[in-house]
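Chains A and B are the protein sequences, given in the same order.
FYI, in the numbering used here the residues of the first sequence are 1193 to 1324.
FYI, in the numbering used here the residues of the second sequence are 1193 to 1324.
One thing to keep in mind: the hints can contain errors.
Identical chains share a label here; the pair holds if one copy fits it or two copies do between them.
Unchecked claim - No farther apart than 20 Å at their CA atoms in a straight line, the calculated lysine to any residue pairs in the SDA-like style are these: (1) LYS1245 - ARG1294; (2) LYS1312 - PHE1253; (3) LYS1306 - ILE1322; (4) LYS1245 - ILE1322; (5) LYS1312 - LEU1229; (6) LYS1245 - VAL1270.
No lab work stands behind these hints, which were simulated from the structure alone.
The lines below spell out each chain.
Number of protein chains: 2
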Amino acid sequence: MATITQTSSDVLDDIRNANQNFEKNFASGNAQGMASLYTSDGMLLPPGSGIQKGSNAIQNFWQMVMDMGITSAHLETVEVELEGETAIEMGQYELSGANGQRLDHGKYIVIWKKEVGKWKLDKDIWNTSISS
Amino acid sequence: MATITQTSSDVLDDIRNANQNFEKNFASGNAQGMASLYTSDGMLLPPGSGIQKGSNAIQNFWQMVMDMGITSAHLETVEVELEGETAIEMGQYELSGANGQRLDHGKYIVIWKKEVGKWKLDKDIWNTSISS
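Chain A extracted, bound-state conformation (with noise of 0.2 Å):
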């Protein structure tokens, strides 16, 4: 087995990071930026499609979104958890539009895979708290 080179704690503050760099790429637009996130075979599974597997698909997926008028995201990790090189966040996000206003809430959970001493996002999937 790997050994554990990380506390939960480090791991943690590495996250919150990489989540601050992804609401930073989604509010200035930059799917590819958000694509570099994912690790090389990540997966998105969003609502209302299939499952999207690697960079391009991933990075088209994001600029769709944004192409939809939502602008910005907000991440809330609410529990990682750290088990060798990968680790289970939950948490709840916010989807915004141009004028601020909220367009969607809800809540995610990411399976985290360490590439090349980075943690990225390997498996990304979520899903709307509002009712239809």
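Got chain A; can you put chain B on it based on the hints?
What follows is chain B alone, placed relative to chain A:
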């Protein structure tokens, strides 16, 4: 760290068995039986509402789904990763109505934990693949 006493393929069998119990309980309208497959602190992260935590909330949620006319669930495991006493499953689901009509299909991630020697669902999140 906990010692791994199971191989990944053992865990895959255990999870497939638990998923079959999930399907059987669903098909027989046994929401209590479904809730018993989750850990005592188990959490559902369902689309359209907030997090449902603990046996009572989980039972009530699945009862509500059945009351909506969904009579069966089919689960198909795509991938299981074993990390110590935790397993991460990614899969696909189908929900059907009384006449066998497919009402929904999508994907899920379940975080499994071993509780008193049995693999149980600890966190369960899914979303539809049907575009709205």
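Taking the hints in turn, this is what the structure says about them:
Neither within a single protomer nor between protomers do LYS1245 and ARG1294 lie at most 20 Å apart by alpha-carbon distance, with minima of 28 Å and 26 Å respectively. For the homomeric pair LYS1312 and PHE1253, the shortest alpha-carbon distance inside one copy (17 Å) is at most 20 Å, but the shortest distance between copies (33 Å) is not. Taking the closest pair of Cα atoms, LYS1306 and ILE1322 never come within 20 Å of each other, the shortest separation being 33 Å inside a single copy and 32 Å across copies. Only between protomers do LYS1245 and ILE1322 lie at most 20 Å apart by alpha-carbon distance; the minimum there is 18 Å, versus 26 Å within a single protomer.
In this assembly of identical chains, the alpha carbons of LYS1312 and LEU1229 lie at most 20 Å apart only when taken from the same copy (6 Å versus 31 Å across copies). Proximity of LYS1245 to VAL1270 under the C-alpha cut-off of 20 Å is restricted to the inter-copy arrangement: shortest distance 14 Å between copies versus 25 Å within a copy.
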